[in-house]
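Peer 1: Chains as they are written, first to last, in my numbering: chain Y, 1 to 295; chain H, 1001 to 1338; chain X, 2001 to 2244.
These are calculated hints, taken from the structure and not from any lab test.
Where is the CB? At the ideal position from N, CA and C, for every residue including glycine.
The reader is advised that the hints may include incorrect statements.
[As the list claims (entries may be wrong)] Stretch-level coverage of chain X by chain H, calculated; a stretch enters the list once three of its residues show a Cβ under 8 Å from a Cβ in chain H:
no. : segment
1   : 2067-2073
2   : 2076-2086
3   : 2093-2101
4   : 2147-2159
[Claimed, not checked] To give an idea of the interface, some chain Y residues facing chain H are shown, with a C-beta separation under 7 Å as derived from the structure:
no. : residue
5   : Leu106
6   : Gly109
7   : Ile113
8   : Leu117
9   : Phe279
Read off the chains here:
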Amino acid sequence: MDPIIIGVAVVNGLMIGGIYGAVALGLSLIFGVMRVINFAHGSFLMVGMFIPYWLWKLFGVNPYLSVVVAAPALFFLGYMVQSVVIAPLIRRERALVLEPVSVLMLTAGLTWIMDNLALMFFGPNFRAVQLDFALNTIQIGILSMNVTRLLAFIMSILVAIGLSMFLAKTDLGRAIRSTAQNRDAAALCGINVSKVYNITFGLGCATLGIVACFMIPFYYVSPSVGLGFGIRSFIVVVLGGIGSIPGSILGGLVLGVVESVGGQFVTATSASLFSFIIFIGVLVFKPTGLMGKKV
Amino acid sequence: MSGAQISSGPAGSSKSLKYIIGIAVFALFLAAPLLITSEYILHILIMTVYFAYLAVSWNIICGYVGQLSLGHSIFSGIAGYVSVLLFIDTGLSPWIGMFIGGLFAMMVGVAIGYPCFRLRGPYFTLTTIAFAELVRIWLENTDEFLGVQLKGAMGLLVPLRGDAPALFQFTGKEPYYYTILAMLLIAMAITFWVERSRLGYYLKAIKGDQDGAEAIGVNSTKYMLTAMAISSFLTGLGGCYYAQLFRYINPERNMGIDISIETALMAIVGGQGTIIGPVLGAFLLTPTGELARSFFGGALPGLHLVIYGLVLVLVVIFLPKGLISPLRYLIRKGVDRK
Amino acid sequence: MAFFEIKGISKSFGGLKAVDNLSFHIEKGEILGLIGPNGAGKTTAFNMIAGYFPPDKGEILFKGENITGQRPWTVCEKGIARTFQLSKPFGEMTVIDNIMVGAFARSRRREQVYRKAEEILELTGMTPLRDVEAHNLTATDRKKLELGRALATDPELLLMDEVVAGATPQEADAMMKLIRRIRDNNVTILIVEHVMKVIMGLSDRVVVLNYGKKLVDCPPGEAACNVEVLKAYLGERYVNPSDS
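The whole structure should be built from the sequences, with the hints applied where relevant.
Peer 2: Below is the structure:
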């Protein structure tokens, strides 16, 4: 196989992989702090992508500017879902009244509701935002990269860095981290644990809002994209380790490259086979992931 | 599930009341095809009983042990393919092919179970999804394997033989109905037997506390694999039935993640870890889904899934033990008032 | 050949040596007490004997057979049962069903298992609690259930981990009587306990652990024993050697 073609595939894989990593950040954060596996993660992304799409379609708003709408909107949505629907369940699970798999099923139910409401209202078609400069490329050395993808990749890294700094330096970030370590001890220190949970969930969804606005210029949206991203996010989180932000990006990069290079040898859909094999392999042989802490 | 013997008094009359209801319902089911004139409604009934069968089979491993498998359609899919291929390539009657398919499914079940059971909670679930999707995607992209025609995403058509009972093909719908009804009753009987046996007690103990169970002699891996073998075998038989019912099999229909999730949904909504729970869940959700699809499918696609999602969310929040818990409560209250 | 013997077992977790070259033996029919301050390595020793995890070094011999590193269910089948410090009831199952799980270790037949469970209920005084779901039990009753479950497996050696923790003096007395009755039923007992009255009152011999090492192994009445116990729990400074 021509090394240049492989090289291009690797670069493309890295770029899309960075995005996968950013998408998975929210999932990793939510699970790391609350031990909640959010099956509906992909669906939130889908909602996040429709916001800039409709703002562009109806009002001609540049999707990159829609971040100021999408991020808060998704924060709010996540906050509400967590406080109204999921929180009572977590409370009951603590009291051991509940079946252990309830939160999983609950979020699975949410996915169905969200994906299919979108289907009912928006129809199944794939839609894209057409921007003037969407097809432009930038030359870096021998590689030519699509501008929108490059912007999305850069934003993904920025979001990861921003989130890390937020968690490390701010009081709220510290509150979140301590709740993740030991929720009872955090509560005893005066931290309002339910508020932290709500904010964490909102934050996880807000990152999706940001990434979504940067994806819509080159990625099609439809009610069905949620599932694919949801599954990919799980693979990334398992690869990179729960609760680790750099792990999430790393896992995303690995997944992106595997998909992209694999896609050179077999059909694109078959390439996801490799992702699943790696996923199972990591779970069975190294459950803490490539970089993660003990589960 | 106490070891209490049958005695007279409120507990006793509750038991005889259950028998009476059970027999009446059974008679109703036997007579159903004679009472139903619309072929469409009979079809819905067949699908309902089929999903009840799948849910009961799923329940044997998942309901009692408390782990959530969302990849069970891998078993129905693999077994279905095996029996259809055997029929196409060797002419072997699907009645026999079913059992061979079931055995294949059982082997896959044990092979998957072994690594999966070491994982807890959501990791177990994700791994079951990964395995199921793995096989489905491979099948969708493979036209031929080791000389056998698989036809990838196009799927396989079961060669028509008209009215050929020996080859598991009938022209009317009624024989299909009675077949799946019999399968459901057998699956329920097996569940009943498991529940009362050492296997059942051990499974519930593993759910209660795996370490505690192991300390008093429960080889958790061995018993979970046993339950998985039973469950995957039965699910496999179901997949073969499905292939014969529609005379067609393809990766999307028979191995999709949708069927896996819907099966789990029905068992959970109805009541995991019980004999009747999964049946109740299937009887509530399948007709609802079918009707939603027919009446609104065009204008509002996906409505039935929104309904499923809502039911799931509501059940998880308000009735965590499934629909069966308020029902049991009502029966007991009704009896106590006598 | 001793009934039960551990020879030089050690276990480290990362840099911490929890159990350090521990050896002792148990005679058939005796009650051996294992004491020491928190972190001395008692539960770690238990866990290794019961097969929860294997020792890094050393051997565990039961009735002459080497059972080192065998899984918990195999150890149970060979005749060693254990209770946990933090009891592990099967929450949604009734008390009698919990005990039946234990009894199934010796028989597959439901009627037989059911009768055995009823006997255990009788022995431990839990008959009135028969149909209560385990997660509704009080802490003390949970410990009794834990004990009953272990007894249902017909053990020859029973490992008990802090069964009177949190019990009132009356409850502790009742438990002591129960333990003596169990020993009279031909069960050898290895008991870990902090309540001095209980463990000194019950044990035929006592092994004192500290920092994973065995300090002394003697009958509870002997002065040397008491000095070592005090030293382990309170520290060298509090014990004046000239008083012993």
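Peer 1: Each of the hints needs a verdict: does it hold here or not?
Peer 2: Results for each hint:
1. 2067-2073: holds (count 3)
2. 2076-2086: Since three or more residues must qualify, the claim that chain H covers the segment 2076-2086 of chain X holds, with 5 doing so at under 8 Å.
3. 2093-2101: Held - the segment 2093-2101 of chain X has 7 residues with a Cβ nearer than 8 Å to chain H, which meets the minimum of three.
4. 2147-2159: holds (count 4)
5. Leu106: 5 Å, holds
6. Gly109: Holds, about 3 Å.
7. Ile113: 4 Å, holds
8. Leu117: This hint holds: Y/Leu117 lies near chain H, its Cβ roughly 6 Å from the closest one there, short of 7 Å.
9. Phe279: 5 Å, holds
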